[in-house]
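**Q** As a plain string of letters, each chain reads:
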Amino acid sequence: MSTEATGWSREEMARRVALDIPDGSYVNLGIGIPELVARYVPEGRELVYHTENGLLGMGPSPEEGGGEPELINAGKKRVTALPGAAYFHHADSFTMIRGGHLDLCVLGALQVAGNGDLANWSVGGPDAIPAVGGAMDLVAGVKAIYVVTQHVTKNGDPKLVEACTFPLTGRGIVDRVYTDLAVVDVTAEGFRLVELAPGVDEAYVRERTGAPLLPIREPQPQP
Amino acid sequence: MSTEATGWSREEMARRVALDIPDGSYVNLGIGIPELVARYVPEGRELVYHTENGLLGMGPSPEEGGGEPELINAGKKRVTALPGAAYFHHADSFTMIRGGHLDLCVLGALQVAGNGDLANWSVGGPDAIPAVGGAMDLVAGVKAIYVVTQHVTKNGDPKLVEACTFPLTGRGIVDRVYTDLAVVDVTAEGFRLVELAPGVDEAYVRERTGAPLLPIREPQPQP
Amino acid sequence: MIDKRIASCAEAVADVFDGATVMIGGFGEAGSPIELIHALIDQGARDLTVVNNNTGSGEVGLAALIKAERVARMICSYPRTTNSTVFPVLYRAGKTQLELVPQGTLAERIRAGGAGIPAFYTPTSVGTPLAEGKEHRTFDGREYVLEHGLTADFAFIKGRVADRYGNVVYNKTARNFAPIMATAGKRTVVQVAEIVEPGGLDPEAVVTPGIFVQGVVHVPHPAHESELVARGESYP
Amino acid sequence: MIDKRIASCAEAVADVFDGATVMIGGFGEAGSPIELIHALIDQGARDLTVVNNNTGSGEVGLAALIKAERVARMICSYPRTTNSTVFPVLYRAGKTQLELVPQGTLAERIRAGGAGIPAFYTPTSVGTPLAEGKEHRTFDGREYVLEHGLTADFAFIKGRVADRYGNVVYNKTARNFAPIMATAGKRTVVQVAEIVEPGGLDPEAVVTPGIFVQGVVHVPHPAHESELVARGESYP
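Chains as they are written, first to last, in our numbering: chain A, 1 to 223; chain B, 1 to 223; chain C, 1 to 236; chain D, 1 to 236.
Note that these hints are calculated values from the structure, not bench results.
Please note: incorrect hints may appear among the correct ones.
[Claimed, not checked] Derived lysine-lysine pairs resembling DSSO-like cross-links, with alpha carbons at most 30 Å apart:
#1 K143/B x K95/D
#2 K186/C x K134/C
#3 K134/C x K134/D
#4 K4/C x K186/C
#5 K186/C x K143/A
#6 K4/C x K143/A
#7 K134/C x K143/B
[What the hints assert, rightly or not] In silico contact screen, one side only, chain B against chain C (beta carbon under 7 Å); selected entries:
#8 L36
#9 R39
#10 N53
#11 L55
#12 G66
#13 G67
#14 P69
#15 L71
#16 I72
#17 Y87
#18 H90
#19 I97
#20 A131
#21 A140
#22 K143
#23 L168
Here the structure is a predicted model, which is why all the values come from computation and not from measurement.
C-beta atoms are modelled at their ideal positions from N, C-alpha and C, and glycine is treated no differently.
Model the full structure from these sequences, guided by the hints.
**A** Here is the structure:
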């Protein structure tokens with residue numbers, strides 16, 4: 001295996017995701033790196049953030065020590081509401097999700113398979129307390145699912161795999177994966193490299209990917 | 001057939017129904033005689049009226065020529081809203097109905113059968129424009145269904161029958177029938193007379209009823 | 001910047017295609033988006049499947065759309081309101097089909113369509129002609145019928161106030177089918193009497209969150225069907 | 001006169017019986033009716049099936065009810081919140097069962113239960129362990145699973161303001177499961193910080209109409225779970 005490449009930091013991964021979100025999108029951001037995405041939305045774009053516990057038009061975190069215990073996000077952290085926000089109950093919130101009204105959901109992952117399967121809720125151990133939250137609803141309903149994750153686990157195992165070994169969150173639902181090393185699309189033919197992080201080469205990514213990885217598609221000549 | 005008895009007027013029928021509605025009931029009143037029931041609720045009882053087009057806490061009609069075109073009841077007549085009222089959308093309104101949250105619905109009828117079947121929406125003619133509204137939902141969901149109707153049709157045909165010949169609104173759902181001649185319960189054994197209108201005798205009612213009619217139950221001796 | 005305001009009713013209905021399914025808000029005249037309907041008549045789309053609780057009255061609004069023979073099929077619960085004279089003629093002539101749906105089932109089918117629920121069981125209509133040919137199933141000893149979610153290519157509704165995000169509040173019993181139709185329409189346009197700045201609506205009192213709305217048209221003084229009918233008006 | 005006010009939380013939970021199914025509002029601490037839960041602990045009912053999105057935190061509120069071993073079974077989506085230390089111990093010891101339900105399916109099952117819908121199809125969980133053993137069915141080429149409506153003997157929820165009819169409005173994201181649980185509970189009691197005269201709530205902004213509420217308890221200064229946990233409190 002080649003020597004350690006730096007790739008993107010957590011913040012840079014979040015920034016890279018943010019670049020791809022069109023103006024006017026309705027977006028649900030998962031816990032962890034996905035949460036950071038909101039900080040890096042390019043100037044001039046307006047996104048509307050949904051949190052499944054009943055708020056559309058979620059704003060940034062309040063100042064340290066501020067906020068209210070009954071204005072929280074799905075991660076149960078205190079947030080704010082922007083002008084033009086709306087509160088609603090859980091059935092209405094998941095009408096938005098299941099009914100295909102959200103444009104994009106950004107989630108973390110334990111494993112993503114080349115067929116778009118996602119495992120992100122349970123390592124399946126016998127002693128684990130299973131907890132799924134809204135993840136299965138989000139992947140089943142939201143129009144596009146982006147995954148943000150380190151390319152490999154802390155032990156160096158690939159998270160992009162041929163088939164998930166952990167219990168699935170959803171089948172064939174991931175559209176794109178953003179890692180510290182690369183941006184990878186899930187296509188009908190499997191994973192396809194879209195972009196490499198600075199200082200990372202294709203071979204380096206390939207070594208750390210547990211499934212076939214198609215090369216970056218050459219730009220089509222414009223007629 | 002015996003000579004014409006007077007029985008109860010439309011207003012008296014409505015008044016007789018009103019007597020039977022417990023304080024605190026949530027009630028949906030159909031079009032026609034059922035609408036009159038609200039006028040005769042005995043002093044000291046408070047009922048809450050539901051109209052399926054999205055209002056709980058419906059009040060009386062506005063003065064002639066008053067009211068608003070967008071504050072109407074299910075019959076599309078202008079109404080008022082009382083303090084403590086609430087507006088809601090149609091799915092929430094029928095959550096109240098289908099979910100068994102309303103205590104009582106008072107409806108008109110074309111035919112009622114001794115097994116509790118009700119026909120009140122269509123005479124089934126080939127040229128008729130079928131129209132059902134919320135009747136099938138109300139009879140399927142509301143806890144108690146009272147029917148108010150003339151005992152016989154304009155042609156003298158009985159409306160209380162062994163089996164409905166018109167298309168059904170619901171099966172086995174009527175609890176009690178109030179006519180101009182009598183109050184009749186629907187029991188496991190079929191129709192049972194509860195009360196006769198003043199000046200009307202049992203034989204007179206029986207002649208005009210198209211199904212077996214059990215006699216008024218003798219008061220049980222109190223031990 | 002997100003700004004869903006559309007300059008005119010004509011622009012709001014411009015995309016409606018022949019054969020489209022169109023949900024139209026309103027229960028009788030309450031909540032009927034008359035100005036959007038009239039724009040749809042002008043626009044000319046044909047062979048529409050229209051979802052509304054009724055079939056309009058007189059010769060304005062929904063009734064005018066039906067009279068112009070643009071509606072191939074009505075999905076409704078009660079096509080027999082006072083002054084509803086247009087539909088019966090076309091129905092009997094076989095020019096407009098009718099799918100009769102109990103009102104609560106209609107509401108639930110629309111809500112399910114908007115919520116990504118393809119089908120559900122309901123006790124309503126069991127034992128009646130409207131349940132014939134439908135799948136029946138018993139849960140806990142009671143019989144139910146299977147009904148399917150309903151979506152539409154377009155939903156045209158009427159609100160009272162909206163903001164540029166498409167958050168909407170309604171007026172009294174004009175609310176009726178509008179909030180659920182908003183969820184079930186692929187493209188939902190609301191006509192409102194007033195448009196306010198973001199923050200001008202109480203976020204606790206928003207009935208339709210903007211995510212369900214694709215267009216907002218300002219119609220400051222909407223007509224009331226009963227008044228038009230009383231004046232004997234017809235459209236166009 | 002209709003007056004659903006109840007004098008105390010103790011009175012509000014007096015009827016809860018051993019083995020009852022109890023829905024408890026709240027998502028994390030937001031909307032958690034802590035005072036009603038503490039009254040339920042005092043009341044002593046056992047072998048409860050409790051429906052809540054989580055399993056409480058620290059040793060107050062829902063976590064305290066679980067710690068007191070009153071909960072035979074939890075129906076929830078996420079029993080693993082920060083400071084949720086009580087549930088794992090009892091779960092691993094086999095003292096509390098868990099039915100894990102995806103959050104949106106949980107919400108829809110509650111809503112269906114309250115709406116008289118015995119079952120519905122949903123795309124959520126297809127292909128995952130949570131769909132195993134459930135009926136699958138294809139509509140329009142997509143696979144769905146059958147899920148069942150959920151009702152409860154009691155629903156205990158928290159609102160911001162109510163009137164004597166039981167009309168309720170909520171506070172921000174404390175709304176969450178409360179409005180749908182109100183519809184699904186045979187006996188729904190809401191604790192509110194403020195009670196107003198009829199007419200004191202805008203009828204356009206009522207979230208839970210009074211028909212869904214059987215009791216209203218005035219709790220003027222409700223505790224916040226995170227503050228109790230931060231102070232290291234436990235109940236009783």
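**Q** Next step is simple, just say for each hint if it's right about the structure.
**A** To see whether the hints hold, each was checked on the structure:
Taking the CA atoms of K143/B and K95/D, the gap is near 38 Å; set against the 30 Å cutoff, the hint is violated. A threshold of 30 Å between alpha carbons decides the hint, and for K186/C with K134/C the separation of about 27 Å falls inside it, so the pair holds. This hinted pair checks out: K134/C and K134/D have alpha carbons roughly 22 Å apart, not beyond 30 Å. Using a Cα cut-off of 30 Å, the hinted pair K4/C and K186/C holds, with the two alpha carbons roughly 15 Å apart.
Proximity of K186/C to K143/A is assessed by CA-CA distance (about 13 Å); at most 30 Å being required, the pair is judged to hold. Restraint check for K4/C and K143/A: satisfied, since their Cα atoms lie roughly 20 Å apart, inside the 30 Å limit. For the hint linking K134/C to K143/B, the alpha-carbon distance of about 25 Å falls within 30 Å, and the restraint holds. Given the 7 Å rule on beta carbons, the hint for L36/B is violated: about 19 Å separates it from the nearest Cβ of chain C.
Hint on R39/B is violated. Least Cβ distance to chain C is approximately 21 Å, over the 7 Å limit. With its C-beta approaching chain C no nearer than about 5 Å, N53/B sits inside the 7 Å limit, and its interface hint holds. Interface hint status for L55/B: upheld, as the beta-carbon distance to the closest one in chain C is roughly 5 Å, under 7 Å. Below 7 Å, beta-carbon pairs count as interface contacts, and G66/B has none with chain C, the closest being about 14 Å; its hint is therefore violated.
A cut of 7 Å between beta carbons decides the hint on G67/B: the least distance to chain C is about 11 Å, and the hint is violated. Taking 7 Å as the C-beta contact cut-off toward chain C, the hint placing P69/B at the interface holds, the least distance being around 4 Å. Of the supplied interface hints, the one on L71/B holds, with its beta-carbon coming within about 4 Å of a beta-carbon of chain C, less than 7 Å. Taken as an interface hint, I72/B checks out: its beta carbon lies about 5 Å from the nearest beta carbon of chain C, inside 7 Å.
The interface hint given for Y87/B is met, as the beta carbon of that residue sits about 6 Å from the closest beta carbon of chain C, less than 7 Å. For H90/B, the interface hint holds, the least distance from its beta-carbon to any beta-carbon of chain C being 4 Å, beneath 7 Å. Checking I97/B against chain C by beta carbon gives a least distance of about 6 Å; that is within 7 Å, so the hint holds. This hint holds: A131/B has a C-beta 4 Å from the nearest C-beta of chain C, less than the 7 Å allowed.
A cut of 7 Å between beta carbons decides the hint on A140/B: the least distance to chain C is about 4 Å, and the hint holds. At a threshold of 7 Å, the smallest CB-CB gap from K143/B to chain C is about 13 Å, leaving the interface hint violated. Interface restraint check: L168/B against chain C, minimum CB-CB distance 5 Å, threshold 7 Å, status holds.
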